[in-house]
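Following the hints, put chain B in place on chain A, whose structure we already have.
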Amino acid sequence: MENARLILSLLVNNESGVLTRISGLFARRGFNIDSLSVGETQNPRVSRITIQAAGDEYVRDQIMHQLEKLHDVKVVKLMAQEATVLRELLLVKVHAEPATRSQVLDAVTVFRAKVIDLTPATMTMELTGEKSKLDAFITYLEPLGIIEVCRTGVTAIGRGGYTLKENEEE
Amino acid sequence: MKLSGAQILMEIFREQQVDTVFGYPGGAVLNIYDELYKASDWLRHVITCHEQGASHAADGYARATGKTGVVLATSGPGATNLVTGIATAYLDSTPMVAITGNVACPLIGRDSFQEVDITGVTMPITKHNYMVKDVTRLADTLREAFLIAASDRPGPVLVDIPKDVQTAQCEFIPAAREIAAKRKPLNEEDVKRAAELISSAKRPFLYIGGGVVAAGAGKELLTLAQTIGAPIGASMMGLSAVPHSHPLFLGMTGMHGRYAASKALDRSDLIIAVGTRFSDRATGNKQEFSKDHKVLHIDIDPAEISKNIPAYVALVADVKQALAALNALGLAHSDPEWLTEVQALKAAPDNHLTMDANVLNPQLVLQAVNKRLPPDSPVATDVGQHQMWVAQYYSFEKPRTLITSGGLGTMGFGMGAAMGACIGTGLKKTLLVTSDGSFHMNMNELATAVANQLPLIVLVLNNSVLGMVRQWQTMFFGKRYSNTTLNRPTDFCLLAQAFGAKGLRLETLDKLDSVLDKAFATQGPVVVDVRINRDEMVLPMIPPNGSIRDMILRG
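These protein sequences, in sequence, are chains A and B.
So the first sequence is numbered by my numbering: it starts at 38 and just counts up by one.
So the second sequence is numbered by my numbering: it starts at 4 and just counts up by one.
Chain A extracted, bound-state conformation (with noise of 0.2 Å):
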């Protein structure tokens, strides 16, 4: 198996350390993240990750494997793309004087972004979708002049009955 896209979702203890401990291990064992999020769930106790990786079946197993053995790590499940939403919600800010803004007014329009911020010279803007979209949408802009991008990294989510529960067993 080729080096292949790898969409892990995490339900971990809500404690401090906690992202020290995974992304620790991804370290020390060689693994790459390629974007991290993470957020409270509706237990305050619990807290829901999604780790983009990239790996071939070997690497794949030894992640899922060595997270499952961390004590704050409730469920590992590595999500069947077809079956999941995926979304990363990106912030941008370009320049944008008078001569420049239709322009990206226009791209705004076609993304369907959302302007959130306008001063004389900038304009701000969130986009959320996934990640080929974002990437779709910052080509546009850069010939126009990005001042700043945050993006906060791909977040996923089951379709339908296809969810994560505490104490699950596989």
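I should point out that these hints are in silico values taken from the structure, not numbers from a laboratory.
Please note that a few of the clues may not be correct.
PhoX-like mimics (lysine-lysine), calculated; alpha carbons at most 25 Å apart, straight line [stated by the list, open to error]:
#  : chain 1 : residue 1 : chain 2 : residue 2
1  : B       : Lys521    : B       : Lys505
2  : B       : Lys205    : B       : Lys187
3  : A       : Lys114    : A       : Lys151
4  : B       : Lys297    : B       : Lys195
5  : B       : Lys374    : B       : Lys505
6  : A       : Lys111    : B       : Lys187
7  : B       : Lys310    : A       : Lys106
8  : B       : Lys310    : B       : Lys195
9  : B       : Lys222    : B       : Lys431
10 : A       : Lys111    : B       : Lys136
11 : B       : Lys432    : B       : Lys482
12 : A       : Lys111    : B       : Lys310
13 : B       : Lys514    : B       : Lys432
14 : B       : Lys187    : A       : Lys106
15 : A       : Lys106    : B       : Lys70
16 : A       : Lys202    : B       : Lys187
17 : B       : Lys5      : B       : Lys136
18 : B       : Lys195    : B       : Lys205
19 : A       : Lys114    : B       : Lys310
20 : A       : Lys114    : B       : Lys187
Below, chain B without anything else, positioned relative to chain A:
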């Protein structure tokens, strides 16, 4: 009842049936030591010379007994001195609970005196660790720490307790000791596939590791070996799991493995790997290792399956449970010629290498010691040539009698580990085989052995060089002996006497029996300075990343 954090720690020790704590006092654990003072009628505290010695002692205690070893140290340097001991325990999967004090919570994060982020430091070398900032969480955290250390694949757990948590009070509710976490039931399909694989093998080979010792599965393993007609080879950590005198046992495999063991492994069509993780020292070149045979891997840790060597079939389970399940099925016997071939390998001259019998050599010394020491006595080692000679020439007949640092290869492990094993086994006569290089690292602990009058024989195989590194320099670095010729004038006899131990010197073969007799007749600690040839090699040797075809049998 309302108890302080330090008192809660004692109550948990009692609950967990801890009888011995190895440690060293200091500012951030004064309150704990005050409680140890009051608990001295039921809880033994052994003060070592250095926290590292205490950590190895707790490790040695655990290896010899199977119980969880406990070590206690103060904050800052006390805690960092545990690091090598914790890492040693982690790499060899020894159950250990390390308790450290830390500065009071309001001082944390301010680079206070003797403050160190020990949970951060030990994160990659513990199964799990905690800093307890709330005394009401202390009891359950400690219980969980003991549970994690001993369950599934054992390992070290560290609990860091800030000073103000030791003095803060809360209600303590006693609880029964929880024994190891529940294990997943065996997958019946996997057991069936494993049984089919074993039955279809013509030349099966049982390759066993430390997991067999940890699970206490020697009996089940021998039953399987006899049922299916398979020889047994062990990684270093697997030594002592089954009696070495058993006709099916071939000895250690790997870099310095025995000829017959390595050869039989290579000739086999199925490797049944039990409780082992295929370390590079055990396999050599991994492609060559996995050529021409299938691997059935039985281990409790799913992350070990196919991590180093791809498994054809795997059983993720407690080794004892898995072997019992296999033994309950009707398994076919191997080809009749296989055991004949194995016995021929066992009888081959290459399987019986001897050192020059005209001079005092490690082989003769270890064989002479082997004859004198009771089979249930712990034998600890340090790391280097002497360690390999023990692995090759000492016949371990009872499980948990070999106390050695495998995965981390920690020079300086021996003194502390031997003391811990000695104390853990109720002061059995204990042997430490070490060398001038390793002994120089942590010989300070001789003072601890003397203070506790431990029946410890320290055999220093003294060749004035760092023998194992020198051997590599001889073989692979054109005899450029960079920093391995020590020639230190240390007089180990005088040194032993200075510590209050007995010191003996063994320089010639004709004195072998008389000196060893004297050593064995000694009550307390005795150091025997054994002078051996600096060019003695550990053979056979398969060079790093090599295979059986690269085996060097003679120097």
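Taking the hints in turn, this is what the structure says about them:
1. B:Lys521 / B:Lys505: Status holds; Cα separation ~10 Å.
2. B:Lys205 / B:Lys187: 31 Å, violated
3. A:Lys114 / A:Lys151: Roughly 33 Å separates the two Cα atoms, so the pair is violated.
4. B:Lys297 / B:Lys195: Roughly 16 Å separates the two Cα atoms, so the pair holds.
5. B:Lys374 / B:Lys505: 22 Å, holds
6. A:Lys111 / B:Lys187: At roughly 16 Å apart (the allowed maximum being 25 Å), Lys187 of chain B and Lys111 of chain A satisfy the hint.
7. B:Lys310 / A:Lys106: Holds, because 14 Å separates the two Cα atoms, which is no more than 25 Å.
8. B:Lys310 / B:Lys195: 23 Å, holds
9. B:Lys222 / B:Lys431: Given pair Lys222 of chain B, Lys431 of chain B holds - Cα atoms ~24 Å apart, limit 25 Å.
10. A:Lys111 / B:Lys136: This hinted pair holds, its Cα atoms lying about 23 Å apart.
11. B:Lys432 / B:Lys482: 40 Å, violated
12. A:Lys111 / B:Lys310: 22 Å, holds
13. B:Lys514 / B:Lys432: Distance of about 22 Å is within 25 Å: holds.
14. B:Lys187 / A:Lys106: 14 Å, holds
15. A:Lys106 / B:Lys70: 22 Å, holds
16. A:Lys202 / B:Lys187: 18 Å, holds
17. B:Lys5 / B:Lys136: Distance of about 18 Å is within 25 Å: holds.
18. B:Lys195 / B:Lys205: With a Cα-Cα distance of about 18 Å, the restraint between Lys195 of chain B and Lys205 of chain B holds, given a limit of 25 Å.
19. A:Lys114 / B:Lys310: The given pair, whose Cα atoms are some 19 Å apart, holds under the 25 Å limit.
20. A:Lys114 / B:Lys187: 18 Å, holds
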